[in-house]
Amino acid sequence: MNILEKQMVENMENLKKLGVECYKYNFVFTHTIKELIEKQDDFLEKDIQVKVAGRIVSERKHGKVIFWDIKDQIEKIQLYIKKDIIGEKKFEEIKYYDLGDIIGVSGKLFKTHSGELTLFVNEVEILSKALKPLPEKFHGLKDVEIRYRKRYLDLIVNDESKKVFLKRTQIINGIRDFLNSKGFVEVETPILQPIYGGAFAQPFVTHHNAHDMTLYLRIANELYLKRLIVGGINRVYEFAKDFRNEGIDRTHNPEFTQVEFYQAYADYNDMMELVEDMFLKLVPEKKIIYQGKEISFEKPWNRVDFYESLNSVVGEDLKGSSVEKLKSVAKKFNVDIEGKKTFGKILDELFSELVQKKIVQPSFVVNHPIEISPLARKHREKDGVVERFEAIVFGMEIGNSFSELNDPLDQKERFLKQIEERKLGDVEAFVMDEDYVDALMYGMPPTGGVGIGIDRTVMLLTDQDSIRDVVLFPLLKPEK
RNA sequence: GCGUCACUAGCUCAAAUGGUAGAGCAACUGACUCUUAAUCAGUAGGUUCGGGGUUCGAUUCCCCGGUGACGCACCA
Numbered sequence: 186m187n188i189l190e191k192q193m194v195e196n197m198e199n200l201k202k203l204g205v206e207c208y209k210y211n212f213v214f215t216h217t218i219k220e221l222i223e224k225q226d227d228f229l230e231k232d233i234q235v236k237v238a239g240r241i242v243s244e245r246k247h248g249k250v251i252f253w254d255i256k257d258q259i260e261k262i263q264l265y266i267k268k269d270i271i272g273e274k275k276f277e278e279i280k281y282y283d284l285g286d287i288i289g290v291s292g293k294l295f296k297t298h299s300g301e302l303t304l305f306v307n308e309v310e311i312l313s314k315a316l317k318p319l320p321e322k323f324h325g326l327k328d329v330e331i332r333y334r335k336r337y338l339d340l341i342v343n344d345e346s347k348k349v350f351l352k353r354t355q356i357i358n359g360i361r362d363f364l365n366s367k368g369f370v371e372v373e374t375p376i377l378q379p380i381y382g383g384a385f386a387q388p389f390v391t392h393h394n395a396h397d398m399t400l401y402l403r404i405a406n407e408l409y410l411k412r413l414i415v416g417g418i419n420r421v422y423e424f425a426k427d428f429r430n431e432g433i434d435r436t437h438n439p440e441f442t443q444v445e446f447y448q449a450y451a452d453y454n455d456m457m458e459l460v461e462d463m464f465l466k467l468v469p470e471k472k473i474i475y476q477g478k479e480i481s482f483e484k485p486w487n488r489v490d491f492y493e494s495l496n497s498v499v500g501e502d503l504k505g506s507s508v509e510k511l512k513s514v515a516k517k518f519n520v521d522i523e524g525k526k527t528f529g530k531i532l533d534e535l536f537s538e539l540v541q542k543k544i545v546q547p548s549f550v551v552n553h554p555i556e557i558s559p560l561a562r563k564h565r566e567k568d569g570v571v572e573r574f575e576a577i578v579f580g581m582e583i584g585n586s587f588s589e590l591n592d593p594l595d596q597k598e599r600f601l602k603q604i605e606e607r608k609l610g611d612v613e614a615f616v617m618d619e620d621y622v623d624a625l626m627y628g629m630p631p632t633g634g635v636g637i638g639i640d641r642t643v644m645l646l647t648d649q650d651s652i653r654d655v656v657l658f659p660l661l662k663p664e665k
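Under our numbering, think of the first position of the first sequence as 186, with each following residue one higher.
Source of the hints: derived by calculation from the structure; they are not laboratory data.
Take these hints with a grain of salt, some might be off.
Here are the simulated PhoX-like pairs of lysine-lysine, each with C-alpha atoms no more than 25 Å apart in a straight line [to be verified]: (1) 236 with 209; (2) 261 with 219; (3) 201 with 274; (4) 602 with 347; (5) 504 with 478; (6) 236 with 246; (7) 530 with 510; (8) 209 with 256; (9) 478 with 543; (10) 602 with 530; (11) 191 with 246; (12) 209 with 274; (13) 191 with 317; (14) 327 with 317; (15) 201 with 249; (16) 504 with 597; (17) 246 with 274; (18) 504 with 563.
Treat the numbers as computed from the prediction; the structure is a model and nothing was measured.
Work out the full structure, taking the sequences as your base and the hints as a guide.
Dropping the structure here:
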């Protein structure tokens with residue numbers, strides 16, 4: 186414990202000696218600070234007594250007068266405390282209050298000579314005593330490691346950070362409202378799954394004692410939601426925490442949030458329009474600035490055909506070519522395909538390096554190779570590709586969608602292909618889900634499905650360049 | 001997992017080539033009844049991320065380890 190903390194503990198002990206309870210059970214306030222600021226004209230005119238609570242964040246002492254700023258959520262208000270008004274005894278007591286303490290006050294609003302809205306305090310009491318000092322008032326808390334580890338400090342001190350997280354909630358609410366208004370039904374599906382599926386990823390593995398069985402934390406909820414489509418919940422969605430046992434970087438956290446939604450009788454074209462409309466709902470002004478670039482969500486977004494765009498960059502037709510061909514193209518264009526063996530994986534790498542990275546404005550990459558899309562149905566006209574889109578903004582994949590594969594026999598074959606890939610050493614290939622194929626056997630209507638990455642969407646709409654700045658408690662190693 | 005960089009007081013940051021570790025804010029004492037990054041006078045505060053080495057002497061140079069940021073790899 187350092188000296189500052191000792192002094193704060195001493196202050197608490199001194200308050201106890203005066204018979205002051207340092208941790209109150211509640212405080213009935215009449216207004217939030219935000220309300221005081223918004224309705225100040227009313228309060229100034231009518232001379233109304235109000236009660237507010239907040240944390241002391243700065244102090245200016247003048248002998249027998251004290252100015253404190255208290256803060257509740259984001260808003261601050263100045264307090265004016267005079268010894269003659271609150272009394273000698275109270276004035277002695279508040280000497281032991283520290284910056285960081287949470288207090289409740291009552292008084293009347295007025296404006297100082299310099300015009301600042303201020304509460305003229307006639308009663309003050311401590312509601313919760315702080316025993317550690319806050320970061321500095323002017324420079325705030327910059328150390329990113331402390332900001333992530335002790336997010337509460339970040340939130341107390343850095344309003345910009347707090348605003349990002351409040352915006353995150355608004356975005357999620359906006360998506361939920363949008364889907365509800367279209368008749369989608371929100372459901373909950375298992376996080377602990379005996380068979381994982383719905384994405385290419387390695388899972389976290391855990392163990393259930395009572396059944397003595399291995400369970401996996403979900404990497405996606407796709408296969409469960411489509412079972413619900415089979416069951417006749419024709420418009421269904423879920424905000425899902427998914428878990429993928431992979432590396433961490435600016436756009437990846439091992440646990441992340443996706444919203445997946447499925448609509449019976451729709452195809453991927455319908456879903457593109459739905460996504461466009463959803464973003465217009467989230468961004469009514471239609472334009473944002475992300476990392477200094479203007480991004481427009483105006484309809485329609487660009488449609489970028491997977492093979493057409495890639496072929497035009499490399500100057501030859503890669504569809505139906507060979508692994509050897511792809512390797513020579515990779516070499517020619519200086520794309521690192523180390524560790525990628527299959528046709529699909531190399532192709533995907535070429536695409537993301539040569540096409541996707543350069544996409545800035547909201548775009549749908551459409552009609553992906555069948556090799557990398559085992560849950561999407563074959564394109565109605567084009568060979569070798571599926572009806573699929575990925576929503577790309579600023580080079581970042583924020584959504585993925587298919588005309589869902591509802592042919593059980595085709596689906597079974599795709600699973601079997603995946604099992605072959607796994608045997609060839611692809612640890613992220615799908616595992617067989619017999620029950621899912623069984624569900625399709627009972628008949629699934631034609632269906633369009635979409636997954637939207639919430640964290641990345643929040644990054645875009647709050648202009649953050651790291652996923653850690655939009656996840657309240659990003660995964661970090663323990664300090665020691 | 002690999003590479004580069006960072007880690008100094010509660011916070012934000014300094015300390016040429018190796019030479020007693022400093023400032024601002026915060027804290028403490030005193031003055032001050034409209035201040036607002038209040039002001040003025042004084043005081044205190046450190047395992048320089050941890051461990052080893054070189055050296056008369058290490059925040060500084062070398063080695064090992066920790067955590068983080070960034071890049072690469074893997075992925076959404």
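Given the hinted pair residue 261 and residue 219, is their Cα-Cα distance within 25 Å? Holds, because 8 Å separates the two Cα atoms, which is no more than 25 Å.
Straight-line alpha-carbon gap residue 209 to residue 274, limit 25 Å: holds (20 Å)
Next pair to validate is residue 209 with residue 256; report whether the Cα-Cα distance is within 25 Å. holds (18 Å)
Quickly compare the C-alpha distance for residue 602 and residue 530 to 25 Å and report which way the hint goes. holds (14 Å)
Taking 25 Å as the top limit, are the C-alpha atoms of residue 201 and residue 274 close enough? holds (14 Å)
25 Å Cα cutoff - pair residue 530, residue 510: holds (13 Å)
Can you confirm whether the C-alpha distance between residue 191 and residue 317 stays at or below 25 Å? Answer holds: residue 191 to residue 317 is near 9 Å, not above 25 Å.
Agreement of residue 236 and residue 246 with the hint, judged by alpha carbon distance not exceeding 25 Å: holds (22 Å)
Given the proposed pairing of residue 602 with residue 347, does the C-alpha separation stay at or below 25 Å? violated (47 Å)
Does the alpha-carbon distance linking residue 327 and residue 317 stay inside the 25 Å limit? Holds, because 18 Å separates the two Cα atoms, which is no more than 25 Å.
Hint consistency between residue 246 and residue 274 [alpha-carbon to alpha-carbon, up to 25 Å]: holds (17 Å)
25 Å limit on alpha-carbon distance, applied to hinted pair residue 191 and residue 246: Holds. Residue 191 to residue 246 sits at ~22 Å (cutoff 25 Å).
Consistency note: the structure conflicts with the earlier hints numbered 4, 5.
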